[in-house]
Amino acid sequence: MFRALFLVVAIALPCSASADSTRLPQSCVPGADPEQRQRCDDAVSRQLNSSSQSTPLDGGWRLVKTRNPNGGADIVAIMRTADTTRSDLNLAGLSLRCAEFGTEVMLTLLEQQPRASHPKVTLAAGSDRVQLEASVNQSAESIVLPPSASALAAGPWQTFPELTVEIATTPTPTRGTIPLAGLANAMRALRSSCALR
1 MFRALFLVVA IALPCSASAD STRLPQSCVP GADPEQRQRC DDAVSRQLNS
51 SSQSTPLDGG WRLVKTRNPN GGADIVAIMR TADTTRSDLN LAGLSLRCAE
101 FGTEVMLTLL EQQPRASHPK VTLAAGSDRV QLEASVNQSA ESIVLPPSAS
151 ALAAGPWQTF PELTVEIATT PTPTRGTIPL AGLANAMRAL RSSCALR
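Numbered by the numbering used here, the letters in the sequence shown go through residues 1 to 197 in order.
Incorrect hints may have been included.
Quick list of the computed label-pair ranges, beta carbon to beta carbon [unchecked claim]:
no.	residue 1	residue 2	range
1	E133	G102	12 to 20 Å
2	G71	V144	19 to 27 Å
3	E100	E35	18 to 26 Å
4	T84	D128	23 to 31 Å
5	A99	E133	16 to 24 Å
Derived by calculation from the structure, the hints in this document are not laboratory data.
Heads up, the beta-carbon is just placed ideally off N, CA and C, and yes, glycines get one too.
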């Protein structure tokens with residue numbers, strides 16, 4: 001549950017939000033003991049329930065709508081947590097959210113990355129493999145993929161069961177697998193919600 005809660009917090013905040021506004025409680029750290037993780041889950045749940053609405057979708061996807069703390073349109077996104085049995089702890093999951101022009105694709109990490117960095121991200125779905133140069137958002141916890149990733153999510157990724165990811169994070173790469181079942185329906189729900197914001 002920790003990864004799912006962290007992913008919701010990371011995608012629910014706008015890129016312009018200050019880093020302080022995205023901070024999780026101190027008990028929310030990788031490697032925390034079970035009691036700390038429970039306190040983290042409880043604290044994040046309270047935080048999210050006050051400003052967000054989350055709807056489960058097919059295949060483990062979630063549609064998350066959050067009031068924009070800066071005013072303006074709500075923040076709307078779909079998210080899918082990484083397969084915990086085949087992913088490094090650092091990879092929380094994949095999210096796609098409404099952007100000014102189309103959809104923004106992000107990979108959320110548990111460990112902050114240097115904000116000025118542009119990590120190389122290798123994505124593979126079936127035999128299709130692509131390497132992209134990404135950027136790090138202001139919270140330093142999400143890797144923002146270039147617009148070409150939106151085209152992949154809207155098309156080819158919907159025909160594969162999973163996406164394998166390798167991010168050139170420091171000091172060691174982050175690797176993992178994200179299930180893609182249900183992505184087509186989740187994308188339809190996102191597009192409908194984006195149009196209604």
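We went through each hint and held it up to the structure:
Here the CB-CB span from E133 to G102 is close to 19 Å, well matched to the stated 12 to 20 Å. Under the hint 19 to 27 Å, the C-beta atoms of G71 and V144, about 22 Å apart, fit the expected range. Taking the beta carbon of each, E100 and E35 are about 42 Å apart, not inside 18 to 26 Å as hinted. Take T84 and D128: their Cβ atoms lie about 24 Å apart, and the range 23 to 31 Å holds.
Roughly 18 Å separates the CB atoms of A99 and E133, a value that falls within the hinted 16 to 24 Å.
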